[in-house]
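Sequence order for the protein chains is A and B. In terms of the working numbering, the first sequence opens at residue 1 and continues consecutively. In terms of the working numbering, the second sequence opens at residue 1 and continues consecutively.
Hint data in this document are derived by calculation from the structure and do not stem from the laboratory. For clarity, every value in this text was computed on a predicted model and none was experimentally measured. Do not take every clue at face value.
Residues on chain B that point at chain A, a partial pick, calculated with CB under 8 Å [claimed, not checked]:
| # | residue |
| --- | --- |
| 1 | Met1 |
| 2 | Ala10 |
| 3 | Pro26 |
| 4 | Leu40 |
| 5 | Val55 |
| 6 | Tyr60 |
| 7 | Val71 |
| 8 | Ile72 |
| 9 | Leu100 |
| 10 | Trp105 |
| 11 | Gly110 |
| 12 | Tyr113 |
| 13 | Met121 |
| 14 | Ser129 |
| 15 | Leu149 |
| 16 | Ala156 |
Here are the computed distance ranges between Cβ atoms for each label pair [said to hold, decoys possible]:
| # | chain 1 | residue 1 | chain 2 | residue 2 | range |
| --- | --- | --- | --- | --- | --- |
| 17 | A | Glu66 | B | Ser122 | 15 to 21 Å |
| 18 | B | Tyr158 | A | Glu66 | 32 to 38 Å |
| 19 | A | His94 | B | Leu139 | 36 to 42 Å |
Glycine included, each C-beta is placed from N, C-alpha and C at the ideal position.
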Amino acid sequence: MSTLNIGGSQLDASWFLLLGAVLFTIGAAGVLVRKNPLVILICIELMLNAVNLTLITFARQLQNLEGQLFALMAMTVAAAEAVVGLAILVDIFHTRDVEDVDDLSELKG
Amino acid sequence: MTIAIFFIAAAVAILGAFGVVSFREPIRCVLSLVVVMLSLSVLFLLLSAQFVFVVQIIVYAGAVMVLFLFVIALLGPAREAARGRLRFQSWLSALFMLVLLVLMWTMLQGIQYRQPDQTDMSVFGTVQSIAVGLFTTYLYPFELTSILLLTAAIGAIYLSRRQIDDR
Chain A
1 MSTLNIGGSQ LDASWFLLLG AVLFTIGAAG VLVRKNPLVI LICIELMLNA VNLTLITFAR
61 QLQNLEGQLF ALMAMTVAAA EAVVGLAILV DIFHTRDVED VDDLSELKG
Chain B
1 MTIAIFFIAA AVAILGAFGV VSFREPIRCV LSLVVVMLSL SVLFLLLSAQ FVFVVQIIVY
61 AGAVMVLFLF VIALLGPARE AARGRLRFQS WLSALFMLVL LVLMWTMLQG IQYRQPDQTD
121 MSVFGTVQSI AVGLFTTYLY PFELTSILLL TAAIGAIYLS RRQIDDR
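My request is simple: use the sequences and hints to build the entire structure.
This is the structure we're talking about:
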């Protein structure tokens, strides 16, 4: 296993990676369980944040900045996704009487 | 000291994540996500990613979450109904969560790190080093993300303008 020397203390990189995995799993479970489309978007943001943590941990472990650059681009993509997703949601909520995602199943085959 | 900071931030992040999933009101979900993002930014600082730490607080916990709060305020306090059309949904998702976690944990066990690059750690993650990477090697992806942002802005304007015209 790999240890990171942070401020004189020895932290294991796999702790950060495990935390990222746990947060990603909680976010995925939220996407599966929740029915409010807004909360589903929030859970997707949580998953993206967990992935960012993993990227930055690997950047620190390999002492390579590419992970941090990729995390910045992931943040940009997440912001764009939030903007378009929220615009679509506002449009849906204003034009139709929708309570949760179960009411949006017309495209189902 | 550093280990204590890590465990406190990790515990707060996991508690906030459970709050995101379990709160009924969307506004509490958003505030829990802000808590998660702030504790993750502390972890970014531990991993010597200073610039990403600042961007996480300003852009993510600031701008994106305020956008979510605006939309919630616009749509009104819609409480989520507890009913579900899919039976055993929570049990199935708990099973999925367990399987996914075990899968990722076993992948983490077998991970093989290569030798770290011998980077100068005194400037690692500063604005200067990030900018040098962003404007030289990764200039092309950087410009592509700017086009993506422009597309998203135009799409959001289009979607919300049609809404106003309908009234």
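For each hint, the structure was consulted:
no.	hint	verdict
1	Met1	holds, 7 Å
2	Ala10	holds, 5 Å
3	Pro26	holds, 5 Å
4	Leu40	holds, 6 Å
5	Val55	holds, 6 Å
6	Tyr60	holds, 6 Å
7	Val71	holds, 5 Å
8	Ile72	holds, 7 Å
9	Leu100	holds, 5 Å
10	Trp105	holds, 7 Å
11	Gly110	violated, 11 Å
12	Tyr113	holds, 5 Å
13	Met121	holds, 7 Å
14	Ser129	holds, 6 Å
15	Leu149	holds, 6 Å
16	Ala156	holds, 4 Å
17	A:Glu66 with B:Ser122: 15 to 21 Å	holds, 19 Å
18	B:Tyr158 with A:Glu66: 32 to 38 Å	holds, 34 Å
19	A:His94 with B:Leu139: 36 to 42 Å	holds, 40 Å
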